[in-house]
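Hints in hand, dock the two standalone chains.
Chains C and P, in that order, give the protein sequences.
First residue of the first sequence? That's 1 in the numbering used here, and the numbers climb one at a time after it.
First residue of the second sequence? That's 558 in the numbering used here, and the numbers climb one at a time after it.
Calculated directly from the structure, the hints in this document are not laboratory data.
Predicted model only: the values in this text are computed from it and were never measured.
One or more of the hints may lead you astray.
Label-pair restraints from in silico Cβ distances [claimed, not checked]: (1) P:D680 <-> C:N397: 31 to 41 Å; (2) C:A185 <-> P:Q676: 38 to 48 Å; (3) C:E65 <-> P:M603: 16 to 26 Å; (4) P:A688 <-> C:S500: 56 to 66 Å; (5) C:G521 <-> P:T683: 57 to 67 Å.
Some chain P residues flagged as far from chain C (calculated, every beta-carbon gap over 12 Å) [as the list claims (entries may be wrong)]: (6) K561; (7) P569; (8) K579; (9) A582; (10) Y594; (11) R598; (12) T600; (13) Q610; (14) E611; (15) D642; (16) T683.
The beta-carbon is built from N, C-alpha and C at its ideal position, and this holds for glycine as well.
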Amino acid sequence: MKSVADPAGTRKQRWEREVLDPTLRKSPERKGPFTTISGRPIERLYTAEDVAGIDYDRDINNPGEFPYVRGIHPTGYRGKLWTMRQFAGFGTPEETNQRYQDLIAAGGTGLSVAFDLPTLMGRDPDHELCLGEVGKCGVSIMSLADMERLFAGISLADITTSMTINSPAPMIFAMYLVVAEQQGADWKTISGTIQNDILKEFIAQKEYIFPPRASMRLITDIFAFCAREVPKWNTISVSGYHIREAGSTSLQELAFTLRDGLEYVQYGVDAGLDVDDFVPRMSFFFNSHSDFFEEIAKYRAARKLWAEAMKNRFGAKNPRSWALRFHTQTAGVSLTAQQPYNNVVRTALQALAAVLGGTNSLHTNSLDEALALPTRETATIALRTQQIIAHESGVTNVVDPLGGSYFIEKLTQDMIDGTLKYWATIDAMGGMVEAIERGYPQKEIAEASYQFQQAVERKEKVIVGVNDFIQADDKPIEILYIDDTASGVQLQRLAELKQSRDHGRVQRSLAALQDVARGSGNTMVPLLECVRAYATVGEMCDALREVWGEYEEVPVI
Amino acid sequence: MSQKIRVVIAKPGLDGHDRGAKVIARALRDAGMEVIYTGLRQTPEMIVAAALQEDADVIGLSILSGAHMHICPRVVELLKEKGLDDVQVVIGGIIPDVDLPKLNAMGIHGIFLPGTPMQHIIDYITAHARARV
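If we strip away everything but chain P, and leave its shape as in the complex, we get (with noise of 0.2 Å):
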């Protein structure tokens, strides 16, 4: 591949548990991509802009508050009004299963639960991050 995957890490709402986003973070740069990491108390609406700014490839959202119903339909939704709608949307956290179906009906399909091997999820971006030109 000739450039870089350009991956950002995102922690929306008011949620202070970063060690996921950190190791998934340092995990991902280690596998040879470009990670931004966001840092804390991202709304949808920065999370969309840091993407658009940094031209990413993929947005990895982590949340673990119960809160994905909620911030994950708003990252779609502004990302198509941006037109960034082959922006890679992957989420990382406690999703119970019933919001499963829900998440891939909004197009979300690499959901990644407590337990997931990181290579699982290097492999996953690799496999489907938007091809860069």
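With the rest of the complex left out, here is chain C (with noise of 0.2 Å):
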């Protein structure tokens, strides 16, 4: 990709004086500004002559191919299709496990399960702060009673499931293992993935419970405890989308992700594992927001990015150590109250820069989601976009389409080149723990949101039915409206649970699992007792906060 520098300037120069000056003269351009929409500036034309620096064998090289810039399989997607994984949860386990088996039935090739705020914080639905929140962000699961009830008639040897839980990962992991056990699955062939990315929680999404150290050690003690036990389980979902969703750009999502990536990794071999035994079963989630091709080069630049790193820094030999999978959900932030419909355009283009950054996984999100959670038309509505796109659009014949695109080269190293420059900045630091610590990741993210919302407040960034093209007459759309039912089911069961199982086994398996913490072993070992005994996620959660306490952030505005 080389090009000869002539006499009179490059040839992109020659362009600008000879044909591009006389015809700014004559129709100036509109006025801008020429940005994406997390404000880098765009370039009006790429040439041979931006992408100069690039090496094709050595920068990009073919898919399947190290580092991966073109997609880890060679076939991309005419041998798999991407994985449609619709995230749903609400209410009682019997309701969810309806609409699963819904999902199911409509073509959805994997579960993933959202959880009510009691559940993702640890809380059993009568502590003070559950008030008004049982069922209705996700399900509510209290005990491995529930965990029965949500895959009631669904084989677990048979799909694979995603589970977004981090706090209380290890607590339902090992509930959906046991549920596994009683179905007769076995631990070393069933697979699916937990989100267990608790340094994103101290970023962006605030759902913490124990201090960034200890929380650390049950991470790194799923790792172990997998590589032995359940080897093709996803262990750990490394997530941009929430840091995404608090307001970052686009390059701070892919730096901070990545990063947060080789923190793991780095616990991980400091808690003695091998980088090839446990890297390999980690995978990534990122966000699809609506600037089109700053997606599509985040997405390319992450599995070079990650490559290099798993090669280089942590010496990986084996190559999927160096692959990075991923999963991908569009924008949730970027979805509107306003002219609602609207929504299934945006989530279809943001969906297909997805597949042109070779997602291995993705969910669609439903047009009411600014609203409420999604109606059963709606998300098969978000369900059919997928559909279409792999089905009619012809985007699936050929890998990384793409590919070789000047612009698309360019923007992909530029991503890398401001990763690596924050890289820089977090490792000087000591690590992105210590930078959490500081402040440092909330503080960039912060900043970024209050730019961008001040640049819609100017009508620098159009938002169509938001602060441009408004409609009077803009109708309401039924929305799935969730009453206290599911509340007051799950608050009676809590107490039914309470009086019928064996009160002496919970305590001794509550206890053991706090010697555990104090110690140095495996907390998933003493979990799985817990779990057996019915104790709830609560108990489990407090049992562990009387030993390590709880994380309190100073708030950065």
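So this is what it looks like as structure tokens:
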């Protein structure tokens, strides 16, 4: 991709002088600014000169080959389409189980569990902070009994399940394993994913319980446990999604997420694990926002950055450690409450960007999600959007169709360079845990989100239906309204559970958990016994709160 | 105006999505108000205690989780108990249309849904904040 400079300047300079300038004098460009949604300035034209420093074999290479810019599979989507994994959960376990049966019947190829806030925060529904929250944003899971109800009639040997759970990830994962065991499924062959990414909780989503170092230990315990017992399980889904939703730029999402990934690898190595024993089971989760090309460049850059860091920084030898696999969700934050049907179009474009970026799994948001959790109908349209891309658009016929585009390759390189700069800053602070303790990523994101909001207020960034093209007769749509029925059901079940189980066994199992937490054993082992004794999520988390304390952040505005 | 409007911005309940609360806190501060941000996971009791201690004119609640019909009545009730009925309560977040009349009936009229311009919120608070003596 080299170009030769001639005495009259580069080809691009000649074009600017002889072709562009006369045009601009006659008809000037729109006012701009011509920037991505992240505020990155974009040139009007990219040519071979912009990618002159890029060597195809060294820097890009073919699909399935290091550093995987063009994808981790040599056949792209011709071999296997991405997994269409729609995130769902609300109310009681029975209600959510019904939604899963619907999604499977509609052609969904994986499950993805959304838990309610009490479960995510490790609180039983009778805690005072759970007022009005039970079953609202996801399904309420208090104990093994609820997990049995959630997967009734669904064979865990045959489907993969992703669970968006972080602080109480070990407890919920232990419940899943026990349900699998009850169904006769083999731990050695079942697969799925737990999000289990606490760093982005401290940075962005804020569903933390324990202090950072204790939280990191729970995660490395899962790495070690799974390497031995559940070898096909994806032990972590290092997530940029929430970082982006909290207001970061595309570059910050990429840089912070991958740096979180490096932190987990370092902690795993420090805990005595071999890189190639646990890194192949790490996966990632990115956002797909509205700036089409910037997002595609982000995914391509991510694969290369990870491959090079694993090989060079950690000395990984297994190509499966180098290959970054990721799930994508379209940007919830981009959905508008105004003219909600427009969200179908936004989501389709974002989904297409994820596919052109080579995502391995995808969730498409529903048109009503700026207002509520989706209805059965809107959730189906979201899934159909993926099926239309997969089966009608033709984009799956060829691997990395945008590879070699001057613009895409330059933007990919810019994302890589920008990420390395952020990494240097974080490395200089001592690592991501230290950077979080100093509030560094939190401040960067808060600043970016404020700048974006200001740009929207000034109409430099147009949001159709919100700050431009507003429609006065915008009619409300029917939404899913979740009442307090689930809360009543779950509170009653909690009371009944505490009467019916073996109280002594619960107490002994929780005491054993605390003993291991104070020492250095693997916490998954006593947690499995707590779960079998029907200890609740709240009880297990409280037992660890007593040992490790709770994290409190200093808010940054 | 001789004295700044004092606003407590709070995140009640278990939800950690604080982007909106933080952007609004900063916008109100930049508009010349005195803003106290409580941080996350506040009970109604903690929020009203903060309003009392900070001598707040306005309490802004950011709620996206669907718990507003439990949290708002409790905050309004506690304000009455403490004799702080004249403190304006405004809310921002995801609030279904069917709940709007019920919130109005509690005396909550400043309800800002997704996509509300920041200037609109600043103007509303400036017009409706309890008059400082």
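### Query
Can you list which hints this structure breaks, lowest number first?
Of the numbered hints given earlier, those the structure breaks are 1, 2, 3, 7, 8, 9, 10, 11 and 12, listed in rising order.
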